[in-house]
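Sequences are here, hints too, so could you generate the full structure?
Residue numbers (numbering that gives the first Met the number 0), protein chains in the order written: chain U, 0 to 185; chain P, 0 to 185; chain X, 0 to 185; chain Y, 0 to 185.
Each hint should be verified, as a subset may be incorrect.
Which copy? The list can't say, so a pair holds if one copy fits it or any two copies do.
Mimicking DMTMM-like on lysine to aspartate or glutamate, the simulated pairs with C-alpha atoms at most 20 Å apart in a straight line are [as the list claims (entries may be wrong)]:
#1 Lys26 to Glu178
#2 Lys70 to Asp36
#3 Lys81 to Asp171
#4 Lys159 to Glu74
#5 Lys81 to Glu128
#6 Lys41 to Glu73
#7 Lys1 to Asp45
Bear in mind the hints are in silico, worked out from the structure with no lab data behind them.
Number of protein chains: 4
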Amino acid sequence: MKKLSIVVHSGFGHTLYAAGKVCEGVKNKGIDCSLVDLAQDKVDFDLLQQSQTLIFGSPTYMGNVSSVFKKFMEETSGIWQKSLWLNKLAAGFTVSSSPSGDKLATIQTMMVFAMQHAMIWAGYHRHNESLIGVKADEARNFLGSFCGLMLQASSTSPEKSFSPGDLHSAVDFGERIAELTHNITL
Amino acid sequence: MKKLSIVVHSGFGHTLYAAGKVCEGVKNKGIDCSLVDLAQDKVDFDLLQQSQTLIFGSPTYMGNVSSVFKKFMEETSGIWQKSLWLNKLAAGFTVSSSPSGDKLATIQTMMVFAMQHAMIWAGYHRHNESLIGVKADEARNFLGSFCGLMLQASSTSPEKSFSPGDLHSAVDFGERIAELTHNITL
Amino acid sequence: MKKLSIVVHSGFGHTLYAAGKVCEGVKNKGIDCSLVDLAQDKVDFDLLQQSQTLIFGSPTYMGNVSSVFKKFMEETSGIWQKSLWLNKLAAGFTVSSSPSGDKLATIQTMMVFAMQHAMIWAGYHRHNESLIGVKADEARNFLGSFCGLMLQASSTSPEKSFSPGDLHSAVDFGERIAELTHNITL
Amino acid sequence: MKKLSIVVHSGFGHTLYAAGKVCEGVKNKGIDCSLVDLAQDKVDFDLLQQSQTLIFGSPTYMGNVSSVFKKFMEETSGIWQKSLWLNKLAAGFTVSSSPSGDKLATIQTMMVFAMQHAMIWAGYHRHNESLIGVKADEARNFLGSFCGLMLQASSTSPEKSFSPGDLHSAVDFGERIAELTHNITL
Numbered sequence: 000m001k002k003l004s005i006v007v008h009s010g011f012g013h014t015l016y017a018a019g020k021v022c023e024g025v026k027n028k029g030i031d032c033s034l035v036d037l038a039q040d041k042v043d044f045d046l047l048q049q050s051q052t053l054i055f056g057s058p059t060y061m062g063n064v065s066s067v068f069k070k071f072m073e074e075t076s077g078i079w080q081k082s083l084w085l086n087k088l089a090a091g092f093t094v095s096s097s098p099s100g101d102k103l104a105t106i107q108t109m110m111v112f113a114m115q116h117a118m119i120w121a122g123y124h125r126h127n128e129s130l131i132g133v134k135a136d137e138a139r140n141f142l143g144s145f146c147g148l149m150l151q152a153s154s155t156s157p158e159k160s161f162s163p164g165d166l167h168s169a170v171d172f173g174e175r176i177a178e179l180t181h182n183i184t185l
Numbered sequence: 000m001k002k003l004s005i006v007v008h009s010g011f012g013h014t015l016y017a018a019g020k021v022c023e024g025v026k027n028k029g030i031d032c033s034l035v036d037l038a039q040d041k042v043d044f045d046l047l048q049q050s051q052t053l054i055f056g057s058p059t060y061m062g063n064v065s066s067v068f069k070k071f072m073e074e075t076s077g078i079w080q081k082s083l084w085l086n087k088l089a090a091g092f093t094v095s096s097s098p099s100g101d102k103l104a105t106i107q108t109m110m111v112f113a114m115q116h117a118m119i120w121a122g123y124h125r126h127n128e129s130l131i132g133v134k135a136d137e138a139r140n141f142l143g144s145f146c147g148l149m150l151q152a153s154s155t156s157p158e159k160s161f162s163p164g165d166l167h168s169a170v171d172f173g174e175r176i177a178e179l180t181h182n183i184t185l
Numbered sequence: 000m001k002k003l004s005i006v007v008h009s010g011f012g013h014t015l016y017a018a019g020k021v022c023e024g025v026k027n028k029g030i031d032c033s034l035v036d037l038a039q040d041k042v043d044f045d046l047l048q049q050s051q052t053l054i055f056g057s058p059t060y061m062g063n064v065s066s067v068f069k070k071f072m073e074e075t076s077g078i079w080q081k082s083l084w085l086n087k088l089a090a091g092f093t094v095s096s097s098p099s100g101d102k103l104a105t106i107q108t109m110m111v112f113a114m115q116h117a118m119i120w121a122g123y124h125r126h127n128e129s130l131i132g133v134k135a136d137e138a139r140n141f142l143g144s145f146c147g148l149m150l151q152a153s154s155t156s157p158e159k160s161f162s163p164g165d166l167h168s169a170v171d172f173g174e175r176i177a178e179l180t181h182n183i184t185l
Numbered sequence: 000m001k002k003l004s005i006v007v008h009s010g011f012g013h014t015l016y017a018a019g020k021v022c023e024g025v026k027n028k029g030i031d032c033s034l035v036d037l038a039q040d041k042v043d044f045d046l047l048q049q050s051q052t053l054i055f056g057s058p059t060y061m062g063n064v065s066s067v068f069k070k071f072m073e074e075t076s077g078i079w080q081k082s083l084w085l086n087k088l089a090a091g092f093t094v095s096s097s098p099s100g101d102k103l104a105t106i107q108t109m110m111v112f113a114m115q116h117a118m119i120w121a122g123y124h125r126h127n128e129s130l131i132g133v134k135a136d137e138a139r140n141f142l143g144s145f146c147g148l149m150l151q152a153s154s155t156s157p158e159k160s161f162s163p164g165d166l167h168s169a170v171d172f173g174e175r176i177a178e179l180t181h182n183i184t185l
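Dropping the structure here:
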């Protein structure tokens, strides 16, 4: 069975909650999914090595990935040196409180990171459904992001802070990356 | 009297309409404002040279500035060679149909362009007012952009396609850039 | 036999020359390779549709892809609408006269474009060989780029304007993308 | 007397050494210059508040600012909330071991950060002197960067790891930002 790991940092639980939904989508398609929570866990790099696919998740803080996530990135420099993640599949998502909020900068940091590791990058394939008639808060990819998944969260508790459409997007994104894991990872 | 020029391309009139609102804000603060419409006009480079400040406006098409706007960028290579825009103030805005829609990539293209010309870049200073209680469609900087102004337009006629908050943002952004033109341009 | 097309714009022949070297690498690995020269050809979108992989090439002009390349990007909006390039493999390269010269901005424009089309992105996997003892002008990936291939060209004729290492990089990059075309395209 | 502070992180001393050269340039033009070393000092935010201009410096690690620098960015969120850095001048520089090495991504992270604080951004104005006949290792802006200063360092000791041209660039860049501090800061 192919494996996928989601490496996620979450300051207040919102990004972790979103990661759970992405994971749900991954499992829906029959791929084994592990959540690696950077706030809790010492990173199990063996697990990441055994995974065909890595999904990166971080809040957008002051216009980019969190410093905790950035620290994880730097801890992979030995892996980079040996090209141990060569040709693994990678994808990413981020959460912030505004619709745009410079989230693209966060996703692009993850993309450059994945490219340094010579991974293959996949984004979110769904067109913004609110432009074809779906209600704003039920639309998948309402924010209109393609490089990765972008979600907007209010400052209430994680379970109440996302629109139904954004949660649906997270599952949908997980399903896409799982299907690609079946079909294109080596 | 100090001068400011807005160099704008608009495919269907929405970005041009937004440029008009930015221009209104500039004039509110007593700065002379010219609209240079790339779809209509041969660019008057003398006018741009006489301007202390240039604001760039383009729709976001397929994830970046329009090809018409890019062509304008390339027509300035002689100006770049001679550093004729050294230390002018620059700012930028973009319009697309989704909240995010990769608009940051468009603004960043304008920023790199301005930096190649050794201009000074100013963004949009307003925090997203919807996060402090203003109704979503009346909030300034609802999309949450700082590098420049981001607006969202539906596919109806330009006059009807922006939220009141987005139009207010455009005026507000023009006022900020005009005040900086008073205070910091050489 | 799987097909790969290189869509390239070149203002003075340097980027086209580099495209030829990338193509050589692709063919070395037994993949059919077509050059689509935007300065010469009406784009054969049927050919692109039949290709499992697209490589994009553009000079970096004023900090981003050329306007001719950007125009090509916009001509694909109907393809985007129908998601016709879903899950094709994509990669990109760029040429400019300075080592850095904002070439990353050009590659990132191509990446965002590919993501809008829901393609899968692969970069250049080679570590900078000059850091492990290879002579500067013979080293592959001397500039140190991972998101795509970056090359530096002087203003002499294309055949004389690249270092041997850069030409070697172009072949090497083509070989990598061809191998991925064999192994991961659907 | 106007004040300028350089907020810098350095893992192995190279970026700190470069910061010293930038500082030398700043002082050459009669501006008071303080180095805030994130590896050593608790950040004196009062000093930053009293400074008309902030220059940011970070190595490029795994394709972006260091996690230590990112942590500093996040420590300014209260300052951001109150817009305390509104209209200060900002600039940035980075160091890595390859000519390109994704340094633009680092500078762009600093630019987005400065824009979130509604600062004004200035880059490096010098054209690559190696393209007009200066010897490669003596040329200012040899790497060809405009958004900020990019330097290349080998892995030897900081004093020996930069080309004379790169050190000259650092002084030159400091002088430019100091002159702008005289002329445009409020």
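How the hints compare with the structure:
{"no.": "1", "hint": "Lys26 to Glu178", "result": "within (10 Å within a copy, 30 Å between copies)"}
{"no.": "2", "hint": "Lys70 to Asp36", "result": "both (13 Å within a copy, 19 Å between copies)"}
{"no.": "3", "hint": "Lys81 to Asp171", "result": "between (33 Å within a copy, 19 Å between copies)"}
{"no.": "4", "hint": "Lys159 to Glu74", "result": "neither (33 Å within a copy, 27 Å between copies)"}
{"no.": "5", "hint": "Lys81 to Glu128", "result": "between (42 Å within a copy, 14 Å between copies)"}
{"no.": "6", "hint": "Lys41 to Glu73", "result": "within (14 Å within a copy, 22 Å between copies)"}
{"no.": "7", "hint": "Lys1 to Asp45", "result": "within (15 Å within a copy, 35 Å between copies)"}
In the structure shown, a violation is registered for the earlier hint numbered 4 alone.
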